[in-house]
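Residue numbers (the numbering used here), protein chains in the order written: chain A, 1 to 330; chain B, 331 to 619; chain C, 620 to 886; chain D, 887 to 1207; chain E, 1208 to 1738.
Note that these hints are calculated values from the structure, not bench results.
Where a beta carbon is used, it is the ideal one built from N, C-alpha and C, also for glycine.
No false leads were mixed into what you were given.
Partial selection, computed: residues in chain A whose CB lies under 8 Å from chain D:
1) Q147
2) F152
3) N217
4) L271
5) Q274
6) I304
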Amino acid sequence: MKFYLRKIAFYLVAFFFAITINFAIPRMMPGNPVDSLIDRLASKGGSIAPETREAIQSMLGSSDAPLIEQYFEYIKNIFTGNWGVSVTYFPTQVTECIATALPWTVALVGCTTVISFIIQQLLGIAAGWRHGKRFDNIVSPTATVFQSVPYFWLALIFIWLFAKTLGIFPLSGGYNYRQATIGFSWEFISSALYYACLPALAILCSSLGAGVIGMRNMMVSTLGEDYITVAEAKGLSPRRIKYGYAARNAILPSFSGFGTALGHVVGGSLLTEQVFSYPGIGQMMLQAVQGNDYALLQGLFLIITITVLVVNFIVDLLYGIVDPRTRVQD
Amino acid sequence: MANFDPNDVLLTVRDVDVVYDTAKPVHAVQHASFDLRRGEMMGLAGESGCGKSTLAYSITQLLKAPGKVQSGEVIFHDKSGEDIDIRALEGKALRDFRWDKCSMVFQGAMNSLSPVTKIGKQLGDVYKTHCPGMKKAERMERAAHLLEIVHVDPNRLSAYPFELSGGMRQRVMIAMALALEPQLIIMDEPTTALDVVVQREIIQQIAELQRDRGFSVIFITHDLPMLLEITDTITVMKDGVIVEHDTSANIFHHAQHPYTQKLLSSFPSLTGDRGKFLRDGHGLDVTEA
Amino acid sequence: MSELKVSHLKKDFELRNGLKTTTIHAVKDANFTLESGKTIALVGESGSGKSTIARMIMSLETPTSGEITLDGKPVPKGGKALYDYRHNVQMVFQDPFASLNPYHNIYHHISRPMKINHMASSEEEYEHMALELLERVDLHPAEAYMWRRPHELSGGQRQRVAIARAIAPKPKVLIADEPVSMLDVSLRLGVLTMLARIQREDQLAMLYITHDLATARHFSDEVMVMYHGDIVEYGPSDEVILNPQNDYTKVLLNAAPNPDAFFADKK
Amino acid sequence: MTNATATIATKSSKSPKRSKFDAIKRMLPQRSARLTAGLSILGLVALIAIFLPMFTQDPNAISNIGLSAPSGEHLLGTTKSGQDVLAQLGYSTRGSLIIGLSVGVIAIILSTFFGVLGTYIGGWVDELFSLITNVMLVIPGLPLTIVIAAMIPQKGTAMLIAVLSVTAWAGGARVLRAQTLSMRGRDYVLAAKIAGERPWRVICVEILPNLLPVMASQFTFGVVGAILGESSLSFIGLGSSNQYSLGTMLFYAQNGSALNAGAWWWFLPPGLMIALLGAGLSFINFSIDEVINPRLRDMRKAEKDIKEAARKAKRAARNGK
Amino acid sequence: GNSNNGAAQDVIINTTANATTAVTVNYNPFSSLSVTGTMGGLYEALFYTNSYGTKGLEPQLGTEYTMAEDGMSVNVKLRDDVTWSDGERVTADDVVYTFTLLTENDALNTVGFHGSAEKVSDTEVKLTFDEPQAANGLTFLTGVYIVPKHDWEKKSDPVTDTNENAVTYGILTTEGGNFDSMAYTLKTNAKYYGGAPEVDGVRFVVYSSDQSKQDALLAGELDWAALNIVNADSVLAGKDISTVNLPSSQVSLITCSNADLGCTGPITDKAVRKAIYYGIDREQLNKLAFNDSYTEINGSLYPTQQYQEYFDESVSDGPVPMSARQDEAIKVLEDAGYTKGSDGIYEKDGQRLSFEVAVTNGTSDWINAIDIMNQQLKEIGIEFITKQVSSNEWGQGLRKGDYDLTIYGLWMPNATEAYGFYNQWFNGEKTAPKGETAYPGYARYNNEEVNEALKTINSTTDEDEKQKAYTTIQENVFEDMPYIPLLRQSGLTEFWSDKFDNFPTEDNLYANPQPWASPDYAVVIKNLKVK
Ligand SMILES: Nc1ncnc2c1ncn2[C@@H]1O[C@H](COP(=O)(O)OP(=O)(O)OP(=O)(O)O)[C@@H](O)[C@H]1O
Ligand SMILES: Nc1ncnc2c1ncn2[C@@H]1O[C@H](COP(=O)(O)OP(=O)(O)OP(=O)(O)O)[C@@H](O)[C@H]1O
Ligand SMILES: [Mg+2]
Ligand SMILES: [Mg+2]
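This is chain A alone, in the form it adopts within the complex (with noise of 0.2 Å):
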């Protein structure tokens, strides 16, 4: 009980200090949305006055509060869900938009790192029951060197080889706006599918390397340990050994680094989503951060750290029945 409420305490801190960070942020940085928006209008041709900045002024309407007053307010509207008007989206409300993009991210990233969990896991046991061995040898360095390609160039690659030259996967995009509208069709959903695969491999790619040099060398440490060779001396079948045993002590830290490794891909999805034009959250956050759209940043910054937070905390709990130790730890 107690370690819940401490775990509760601290996401509760966690939670507090990332949205005192959202708020100040945007206050710190320069230039304003007003003069995005003009540049915006400019490019699309619209006819522009001198008067044109008061009128989008005024339009969008701000706030000269004192900070203090403010910083109740921002907390207090967190709460009630009004987290303001996008000046990217105007007058789109910021919970909106994310709504419209956050289904995209949380699907394919979150299958993704849960698909690229369970292949690093896989690959890490195999490997370290191997180590040493043909396996093991073309796995490691395999994986090593993967690790170390920057993520979005690896993108680029693929889509000019699986896309441009192979034809196989589409360029960009997350469905086929052809010949699906977004819905619960089954043409949706196999466009959005079939176009989540390249970029899922591109993530998958560059974010197997660490998981599996982890599980690897958890594995080949917990076969060194005495209750292994005891499973051994028992007679029990190698099958058995490694995933009943071996494998099942080995993957703890990775399980409890998963939260946090989940953290950094939604932190990486920014980049698949701007390499392959996929409609999620990643995008629109470049998007607010190139249109000084204070309120969508502040949006997208809370829902991208309430996630991770969320996520980790789940972890932490779940952690509690993978490993039975912990529930009386504290």
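Could you slot chains B, C, D and E with the ligands onto chain A? The hints should help.
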């Protein structure tokens, strides 16, 4: 102490040579030979690092790289009359042999249980592997019975190892070793790092079980005083070589090898004369190498 | 002559288990006095509070109540006074493998306590003193051991280094917490003999913590038996061992292997 | 017996004081294929970073042959504005290395501060430090970096290093904390305390040396992470494009449509260089892992020995025939 | 890309939307954030002006207009056969309502209409201005999108309304299309008063980068795009893609030129600005920084490619020679009293001619251009130092006049003559002292003669007087050079010519062919023929 037929040999170990093939190769066991009779409890004593565990591992074929049994033979004379050459066993045959005929309680039994699996499951695993047809309920029943034998509350089947005290874990390991009623159990320092009181309890229990069931035991420890009390025969090792092998009483009263004699004289007597021991500086001048 | 007096020493540990806290009374009411040239053995079951007493004496742990005084002065809480106190009271740790820093050579371990206390003025002098100390703990020739690192020594040799380190600042009181528990019988005796010799030479007051009743009897003047935080029996060693009064002491004695008696019975 | 010991001892006594290097050597990874590979790769990259700029042309010098394929004059071709790719690669590698190493150093200092110092002091300092660490750990790094990077008006290399360092130290601090926590209670640390060592000496002399392999491993991770982080930031246009780095080079290549225009010589080398650098460091890290984790070390030794034995046996068999 | 979820035979043209990430519905023609397709497509202004071709206004809802001689009002005649998509007739009331909406809502009045509108008859309205608007007044006829009174009256807040069920009469309609955040389709209006177009609809697709757009174009997913392609010839070779290259903004070095408004340093000396102007090798610059796709520019910045009228050829450097004139540069400097320092850089009164040129980091073309100019100017003893800043910081500095120099494309406002351009960039009344926000008089230029001339142009319909004023402006602009002309930026537009015919070509530029240019794209859609 059990009575046994001096000619009913269970295990023959002949000329076993083990080398750790590292940068500086270690010849850990040299020309080890002995016979173990059915129902005999044999003690294996010797200072730390003399090769006791290595010998035990090579008997059960559990030696891992860089350790390597270079030569020698280990023959197991099964109840059925069949002679099994353990070193020739491989794969399924080896796995079937293990635990069914010969089980082992490991040095540091504290770490012999997987920390994240309930002990009931770990006990059940033995039955699952060796008695494939057995139902889950029966497995649990048997496991519970095993715990009863070693005086652990059967309710503890659903406990994780970390929830048990060191002594209890040790008993669980002993219970596990008994699971298939093997003919040979090797116990590698099963009680070190335990409280003397607990130690004594466990050892008495082992001795009792052995008397009841008639299996043979190889009992490894560096605690010679204790071995003297519980074993039938004692083998003393030094630097990988078996320097003496005799009945316990003979060893105590008429130790032949100087090393054995030194070992025996090293422990001050608990109840004997205080003598000129230690305090006044006229005791044994033991210099260590 | 000096004297370390422990009176009504008590230590409670708060254990938080879930929402409720339980208090462990690790040490309940300890009273004894260590005097120069005298050894007290402290025996008892695992977890009975032996190390806790040692740690309190070293002020690695603060007593819940009670007092420890050295020559009448209470143990300082911190600052320079504490450094002076530690100069006089030293400890040999239970585990020779854990108490030497694998990164440093033997010279470092032995010279540091001397350097801290400015016991010499030049590096050569320190080296000379370190060599002397190593010789004293029977590590011959000292030159050969001084520049090695702990992992290059056997358990018995490490134990001696640990002892050399403890006596380096010339303490008046030595706390030896299970100094031989990790060694097998043949090594045990050597180390103890040496400790006894050093005690004689330096008139040390010593607390010898152990599980091993036989050595406790032979090595010390008095024996204290601890059980669940209480000192249940305290008296001259032969008396306690040969004629135990307390039930727990009896259990303990029964459990200890005693081949003499065993084979005597058989006959 | 005593005599025998004496002779051995005298023999070794001839080897005089062994220096600190001896201990450090023991902490260093043993020679293995991976370490050799890592060191050679890293050495190569370092050579490129140090010496290439000395021999090549001015990386800024424009010429009228934009986007020309590799030739005798331009070994790796030219960029869109006719700048020599090889020269830029040299300067960029240097730039990236500087960023990577600086971030690595700063991050390790920060993680040591938060992980070791806080833990050693204990009490509320420890609680606070570990809270800060954990919070930094769960806050998503790249988005935070982007937001901070967007906030900074003028990004020089120093600024970029600062931004990357801020988000890089937390993971290391957590590991160091765990290590220190276990070390804080070790007997040899207590022994040093009892001997009267001052706290800073206990930390620096008794604790830190034993953390060296862990810190070395974290350092390599930090360097790889910083180089990758810098390239990501640069790629989305938030880097410091004033300075040459592999990330900015990729950025220019991408904006100059290098891939579409078929200018592989402009797009591939910077990415490969990052991968090379990363792989080199990872391989080294891999070997350091074997030091930290003695089991891995023993395994490796065993593996090697077994392989050697097998090879010997095979050779013997062949000769026998 | 002919199939879609509508009828199988629908012909949809695919092009790109302006957004670089997901879009949200916004069909409000007054909002600067409305989606592409709203301005000019769904809603039309009274007239259309083609800034690249024919002179004057082309009739749409308005059939003819008369500007009062004093420039204080304009009368517009309207068609009487146009109906809104809900069946209501389009009348003068709608026009009056629209203009009144602007005067009543500052937030909607991005065109800056100050005056009033009144209904003369059911088919005629009169706009009256508060100040003379002889030249500028026409932009209200081409830049204000007429909305239905009966529909908009019901909106509670016309500023934030996203107008999802738009009632329109333009070439496009929201009916029958669909809207997703990544792509949306607008169908063409079969009942369009000018006749039903051949194309059935247009799909706007969102891409996050030019790279993705280019990939999509080459893959045939896009039919119509405006992208600058590196090595265009070889990249497009063998594809059925035709291109039109059009001049757009005038790339210049913006200087903080006016010491009276607080600017400092040698850059306030016009001799220095001129020397920079002469010292640049535009040919090399074009080749290495701009894919050789930019075109000539005039020394007076007169946008000749669009407006030939009022251009005075007697003003020097029309167009600017492409190669550098280093002798002239040095002469100008030395005449002004600058001497070469030991480091080869000219200086006067201890001030070296070394300038930081601000540029947004990430704009690789421009960073490149500055590098190249630096190397060119070194030869005449002037030094450029690239100063990269974030885009926000850059924009803020530009507006406040914080930089000596920066590079920027002077964009063309929607206008019917060059007046709009000069008024926007050179009108001293619209600038502000350094440190205060100027929009968009970034160079802090304030020349009484120019101000006067601009006033004259906007308040007369007399051609001679106008010409004289234009000449004055051109002479002064060339002389003072607050914006140092570099090259005329150009935009490449690409079409797949296998499916559609009658795209604008360089010979038949009936509209700006770039798909993002409103309202021109609507005119292109009107004119497209399906093959
Ligand atoms: N993996 C190994 N590599 C190299 N040498 C080894 C290895 N394992 C054991 N040895 C060496 O083999 C010798 C015998 O070791 P073993 O573990 O059998 O001793 P032991 O008698 O069981 O000692 P203890 O009482 O401490 O358990 C020792 O000298 C030891 O150093
Ligand atoms: N820091 C601590 N926090 C909580 N409980 C503690 C702590 N240190 C010791 N204890 C508890 O105090 C009791 C006495 O411990 P102590 O280490 O003194 O025993 P010991 O007699 O030295 O045992 P052993 O013979 O096993 O070394 C034990 O129950 C132990 O669990
Ligand atoms: Mg052993
Ligand atoms: Mg203790």
